[in-house]
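Let's have the full structure, built from the sequences with the hints guiding it.
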Amino acid sequence: MIRGTVVGQVWATRKSRGLAGHRLLLIAAGGDRVVVGVDTLDARVGQEVLVSWGSGARNVLKAGPHNRDLLCDAAVSLVVDGRTGTGGDRGGD
Amino acid sequence: MILGRVVGTVWATRKDRRLSRSKLLLVRPYFYYNPSHEAEQLVAVDCVDAGVGDDVVVCIGAPARWSLGGVNYPVDAAVLGVVDRCQLSREAFGHRRHGDTAAARPLSFIGGEQPRRLEWIGRAAGAER
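In the order they appear, the protein sequences are chains P and H. The numbering used here puts the first sequence at residues 1 to 93. The numbering used here puts the second sequence at residues 94 to 222.
What the hints contain is simulated information worked out from the structure, not anything from laboratory work. Just so you know, these numbers come straight off a predicted model, no measurement behind them. Where is the CB? At the ideal position from N, CA and C, for every residue including glycine. Keep in mind that the hints are not guaranteed to be accurate.
[Claimed, not checked] With a straight-line cut-off of 20 Å between C-alpha atoms, the simulated SDA-like cross-links for lysine to any residue are: (1) Lys-62(P) / Leu-161(H); (2) Lys-116(H) / Ser-16(P); (3) Lys-116(H) / Asp-69(P); (4) Lys-62(P) / Ile-153(H); (5) Lys-62(P) / Gly-163(H); (6) Lys-116(H) / Arg-17(P); (7) Lys-62(P) / Lys-116(H).
[Unchecked claim] Using C-beta positions, here's what the derived DEER-type ranges look like: (8) Asn-127(H) / Leu-78(P): 18 to 26 Å; (9) Arg-14(P) / Trp-213(H): 33 to 41 Å; (10) Trp-213(H) / Ser-55(P): 14 to 22 Å; (11) Arg-17(P) / Leu-112(H): 19 to 27 Å; (12) Val-80(P) / Arg-111(H): 40 to 48 Å; (13) Leu-61(P) / Arg-114(H): 20 to 28 Å; (14) Gly-21(P) / Ile-214(H): 28 to 36 Å; (15) Ser-113(H) / Val-80(P): 41 to 49 Å.
Here it is in structure tokens:
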């Protein structure tokens with residue numbers, strides 16, 4: 001998973017079947033990186049989140065072995081309430 | 094996933110049989126998306142009938158492969174949505190200053206080009222009023 005900060009949102013009416021009804025967020029993921037992630041937790045702009053990455057991401061949308069048709073490689077799996085330690089303001093690996 | 098703009102299409106007569114019905118799009122990302130990102134453009138299979146000039150969301154890697162055909166499918170990027178509009182926080186973008194650390198440096202677009210139908214929300218960092 002990577003840590004990131006929500007910096008925006010994307011609206012797409014025409015999208016892949018399994019993603020209907022889910023929001024798409026723009027997430028700054030450290031350095032100059034900005035990725036798009038599916039949100040099921042109602043994360044807001046400015047909030048810090050953990051993003052599941054790669055093949056594991058679709059399990060956030062739909063658990064189980066029959067989710068392989070989902071076109072999703074990044075999903076917000078956790079909204080951070082607090083943390084200790086130092087790090088980049090906007091997150092990273 | 095990444096946000097990018099469709100800048101062209103690619104067609105080929107000689108190709109893997111499994112791609113015979115796929116439309117291939119040339120997509121230019123708006124942002125860097127991984128640490129070793131160097132490619133200016135990538136080729137993605139179109140799943141939503143996107144056209145040149147559209148802003149799109151592209152799924153990369155194994156999930157694209159699984160979704161389109163299975164573990165042996167010869168694809169690693171697929172367009173999953175056409176963007177109607179997008180919002181970005183003004184606070185995260187803004188002017189770069191000399192001496193900004195990598196972590197605190199404002200974000201920017203590759204090549205300075207912005208998505209269409211972009212709305213800015215919030216106030217720029219450092220704008221005291």
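Each hint tested on the structure:
A hinted pair counts as satisfied when its Cα atoms are at most 20 Å apart, and Lys-62(P) with Leu-161(H) qualifies at roughly 17 Å. In summary, the hint linking Lys-116(H) to Ser-16(P) is supported, as the alpha carbons are separated by about 15 Å, within the 20 Å threshold. At roughly 19 Å between alpha-carbon atoms, Lys-116(H) and Asp-69(P) fall within 20 Å of each other, so this suggested pair holds. Restraint check for Lys-62(P) and Ile-153(H): satisfied, since their Cα atoms lie roughly 19 Å apart, inside the 20 Å limit.
Proximity of Lys-62(P) to Gly-163(H) is assessed by CA-CA distance (about 18 Å); at most 20 Å being required, the pair is judged to hold. Distance hint between Lys-116(H) and Arg-17(P) is fulfilled; the C-alpha atoms sit about 18 Å from each other, no more than 20 Å. For the hint linking Lys-62(P) to Lys-116(H), the alpha-carbon distance of about 28 Å lies beyond 20 Å, and the restraint is violated. For the pair Asn-127(H) and Leu-78(P), the beta carbons lie near 21 Å from each other, so the given range of 18 to 26 Å is met.
At roughly 24 Å, the beta-carbon separation of Arg-14(P) and Trp-213(H) lies outside the given 33 to 41 Å, and the hint is violated. Checked against the hint of 14 to 22 Å, the C-beta distance between Trp-213(H) and Ser-55(P) comes to roughly 34 Å, which is inconsistent with it. In this structure the supplied range 19 to 27 Å holds for Arg-17(P) paired with Leu-112(H), their Cβ-Cβ distance being about 21 Å. Taken as a hint, the range 40 to 48 Å holds for the pair Val-80(P) and Arg-111(H), whose Cβ atoms sit roughly 41 Å apart.
Checked against the given bound of 20 to 28 Å, the beta carbons of Leu-61(P) and Arg-114(H), roughly 26 Å apart, stay inside it. Range check, Gly-21(P) to Ile-214(H): about 23 Å between beta-carbon atoms, so the 28 to 36 Å window is missed. At roughly 46 Å, the beta-carbon separation of Ser-113(H) and Val-80(P) lies within the given 41 to 49 Å, and the hint holds.
In summary, the numbered hints that this structure violates are 7, 9, 10 and 14.
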